[in-house]
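S.K.: The primary structure of each chain is shown beneath.
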Amino acid sequence: MKIVIVGNGITGITCARNIRKLDSNASINVISGETEHFFSRTALMYIYMGHMKFEHTKPYEDWFWNKNRINLIRAYVKTLNAKNKILLLENGESIAYDKLILATGSKPNKFGWPGEDLVGVQGLYSIQDLEQMEANTKNISSAVIVGGGLIGIEMAEMLHSRKINVTMLVREDLYWSNILPREEAQLIGKHVAGHGIDLRFKTELKEIVSNNQGRVAGVLTHSGEKVECQFVGLTAGVKPNIGFLDNNELETDKGILINEYFETSIPDIYAAGDCAQFRIPKQGEPAIEQLWYTGKMQAETLAKTICGDRSVYNRGIWFNSAKFYDLEYQTYGQLPPETNPEQKSFYWEHPNGRHAFRANYSSTDESIQGFNFIGIRFRQIIAEEWIRERKTIDFVIQNLKKGWFDPEFSKAFYMDISYSYLNR
Amino acid sequence: MKDISLSIASPSAAKPLQKIGATLTACAILCSIIAAYGAGKTHPLLFFFLITALFISAGILYSIPYFKARAGIKNDGIMQNSLSNRGAIAWGIAILMTGFYIILYWFPYFLEGLIRTMDPLSMMLRDKAADQWFLYGTFYTLAVLIMGMRFIAKYKFSRYHVIRTISVMFFQLGFAFLLPAFLLKLNQPEFYFSYFWPLKYSYLFPNDIDYLISSGNLGVFMVFWGLVMTFIATPVLTYNFGKRWYCSWVCGCGALAETLGDPYRQNSDKTLKAWKIERWMVHSVLVFIVLTTTLLWLNSWKSGTILGDASGLFSQWYGFLIGSVFSGVIGTGFYPIMGSRVWCRFGCPMAAILGLFQRFKSKFRITTNGGQCISCGNCSTYCEMGIDVRAYAQKGENIIRASCVGCGVCSSVCPRGVLKLENLEEEGRFIPYIRHEDKK
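Protein chains in written order, with this note's numbering: chain B, 1 to 424; chain E, 425 to 864.
These aren't lab readings, by the way, just hints derived from the structure by calculation.
Hints may contain errors.
Derived EDC-like pairs: lysine to aspartate or glutamate, alpha-carbon spacing no greater than 20 Å straight-line [to be verified]: (1) B:85 x B:263; (2) E:864 x B:93; (3) E:863 x B:385; (4) E:864 x B:263; (5) B:53 x E:693; (6) B:58 x E:693; (7) B:78 x B:93; (8) B:163 x E:500.
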């Protein structure tokens with residue numbers, strides 16, 4: 001069986017590794033134009049900031065691929081010929097497959113802003129983007145970031161580490177408020193501003209203006225304000241990277257359409273990770289999952305299907321994590337920005353603005369439904385177990401210590417939290 | 425546009441202070457050279473104060489930006505800095521330090537003038553003129569204290585790091601510097617209560633034991649202490665806390681690595697090949713020292729009739745190859761090139777024993793928090809022992825490795841809070857995380 005995987009990100013590589021674990025005979029081929037070897041995309045910011053070099057971001061040593069007979073092909077795919085089961089590569093070569101896995105990831109969103117293609121305007125997703133950012137930010141003094149999400153804050157931190165002044169344009173009235181409840185959004189906004197980032201809320205980009213050499217010179221906002229800068233980071237989300245499938249018979253919408261087995265509209269072609277879109281998403285879950293964790297879990301499930309054990313994807317209890325400058329953030333279960341009518345919410349915040357805790361629970365039976373932790377580390381298995389077993393909020397607060405994951409000798413905030421809960 | 429240049433002034437303000445710090449360090453080294461050349465003999469006090477004051481103020485200046493900065497990870501620019509990224513400055517320091525060790529061990533007469541600057545302190549503490557080892561001990565302790573202060577400032581957000589660093593500074597100053605000097609003053613054997621066999625291998629050699637016992641009650645207690653620490657405290661403490669109780673909380677070699685060596689921790693080799701070499705080397709050294717000790721005791725038991733001088737020769741060679749060349753010249757001299765724990769990782773027989781306990785019989789582990797690893801690589805990069813931490817974390821496995829000294833930096837630099845050092849039940853520590861949905 002010849003398996004060809006397009007994309008060597010977390011989804012493609014997890015697929016390849018898991019297929020090899022399940023099937024020692026399969027021919028496994030991974031095509032990528034981005035890099036020769038798998039690296040951790042989440043670590044791009046650390047390369048720019050000088051915490052690591054590119055080689056440190058490679059989770060496996062270079063001999064690993066040969067040893068596990070995973071054939072790496074460095075090329076971009078030009079077109080897919082599904083009828084003959086052949087991929088045509090941009091270098092003119094072609095490659096045949098028995099089973100094809102598309103894990104091509106994302107690319108930064110652009111919304112047709114005037115000036116979005118100027119020199120010095122870019123998103124951040126690939127290693128090529130990082131190289132471009134390195135070139136674009138040489139010897140500059142100020143930058144504007146459009147979009148108040150995770151990559152936006154990472155980009156701000158990156159630029160700031162090089163002493164570049166950063167202004168962030170955020171469409172909402174608080175940071176990341178389409179995901180975070182107001183208190184958390186406020187806390188993070190304050191922390192980020194405290195690091196010297198100029199956050200402009202309720203501000204939308206109207207136009208990017210150039211100097212006379214075709215390079216960015218500033219931005220204009222909807223309110224008519226002008227912000228001068230030599231770099232613009234576009235971080236208003238990402239979209240599936242499926243340009244090579246244009247005019248193909250493979251069914252696509254925003255992403256490649258798949259069912260719960262990652263099967264596309266054509267037999268023997270599968271898609272997973274950022275580039276895939278569930279035809280019928282499960283209730284309360286998004287059609288496109290664009291996270292490291294989901295990419296990994298999707299790939300693990302898909303590998304089983306490829307190796308003959310057709311398995312339904314079940315991502316389990318939702319979790320995610322991030323870091324905003326010095327603030328770590330973990331979330332488990334259902335924690336919408338606005339508490340839904342059947343939910344109650346308990347929130348605690350430390351006066352120093354570096355630690356916060358939220359628990360959402362059912363207003364009928366008081367069972368726990370979701371957690372937010374900021375500046376607090378918590379055990380995933382405990383949080384998930386409590387949500388799954390519908391423990392009551394009282395039980396959760398009393399047993400917080402059990403899941404506490406902060407380093408030894410750290411202050412025991414679970415005491416403060418339970419006092420605050422009892423006195424609410 | 426709002427002027428935000430003031431609010432972000434602090435990071436760039438670090439630069440001039442650190443430049444002045446570097447200049448003062450250079451002045452201190454220059455003064456040391458001048459003193460060694462002869463001026464130290466004629467003006468011992470002047471040079472003593474000049475050298476220590478310059479080193480200390482350099483250290484303070486170097487630490488100020490960390491104290492002033494917001495608490496958090498401070499690794500910006502490490503991979504672009506010549507000092508920390510094996511650049512010209514790193515090689516310069518490596519050569520300087522290696523050269524110092526070579527002179528110290530084999531050509532101490534070049535340091536005569538510098539040693540004399542230590543006479544006033546030595547007389548005060550030990551009622552005895554300084555020698556090259558007292559000079560070395562003073563510099564060593566100064567380095568641990570000064571760079572320990574920097575470490576505390578850099579990792580001030582973590583109580584674990586602050587307490588642990590105060591601990592190594594305390595043991596270095598108290599147990600490895602002041603107490604032995606004080607014992608000499610009292611005409612007692614110069615004994616280091618914080619070093620045990622097999623790191624301080626001679627403490628279980630027949631000669632040392634005979635000498636200590638013959639020197640009186642305190643000497644007998646020292647022998648007792650050494651035996652208890654080696655055979656009872658070591659296994660018990662390591663079972664409960666992992667080898668960190670010693671390697672990153674008490675040990676003097678660890679103290680230097682954690683403080684003076686911290687700027688270089690990222691230079692340790694993380695490859696599988698390095699791990700293989702490490703296991704062969706460190707366990708060979710352990711076998712070597714166990715053999716040497718056994719031979720010496722056999723020989724002593726048979727009154728030297730069986731082995732003659734062979735066992736003495738064996739221990740001399742151990743002392744030269746392992747005690748001097750490995751632990752000093754390579755172990756410390758190569759900090760900037762090979763990372764701060766070369767000796768601890770490849771050569772220390774104490775670390776080897778503690779490691780065997782830690783791996784096979786201990787409650788200690790670095791717990792991986794479920795499936796939260798994003799494989800970024802910060803943990804592996806900043807592991808001074810060259811452990812590929814990420815390789816475990818991304819599989820949801822706990823990190824249980826013989827070599828882990830429990831410094832806790834992997835846990836600190838993890839941007840997702842995935843790692844926690846802890847002592848839990850011994851049972852089940854090797855069981856990896858499996859998603860509930862994947863459990864059969």
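S.K.: So if I understand the rule, the pair passes when the alpha-carbon distance is 20 Å or less; does residue 78 of chain B with residue 93 of chain B pass?
M.R.: OK: residue 78 of chain B and residue 93 of chain B at ~10 Å, within 20 Å.
S.K.: Can the restraint linking residue 864 of chain E and residue 263 of chain B be considered satisfied, given a maximum Cα separation of 20 Å?
M.R.: With a Cα-Cα distance of about 24 Å, the restraint between residue 864 of chain E and residue 263 of chain B is violated, given a limit of 20 Å.
S.K.: Verify the proposed pairing of residue 864 of chain E with residue 93 of chain B, using a straight-line Cα cut of 20 Å.
M.R.: With a Cα-Cα distance of about 44 Å, the restraint between residue 864 of chain E and residue 93 of chain B is violated, given a limit of 20 Å.
S.K.: Verify the proposed pairing of residue 53 of chain B with residue 693 of chain E, using a straight-line Cα cut of 20 Å.
M.R.: 14 Å, holds
S.K.: Does residue 863 of chain E pair with residue 385 of chain B here, judged by a C-alpha cut-off of 20 Å?
M.R.: At roughly 14 Å apart (the allowed maximum being 20 Å), residue 385 of chain B and residue 863 of chain E satisfy the hint.
S.K.: Would the hint linking residue 85 of chain B and residue 263 of chain B be met if the CA-CA limit is 20 Å?
M.R.: 15 Å, holds
S.K.: Is residue 58 of chain B close enough to residue 693 of chain E, meaning Cα to Cα at most 20 Å?
M.R.: 14 Å, holds
S.K.: Can the restraint linking residue 163 of chain B and residue 500 of chain E be considered satisfied, given a maximum Cα separation of 20 Å?
M.R.: 11 Å, holds
Checked against the numbered hints above, the structure breaks hints 2, 4 and satisfies the rest.
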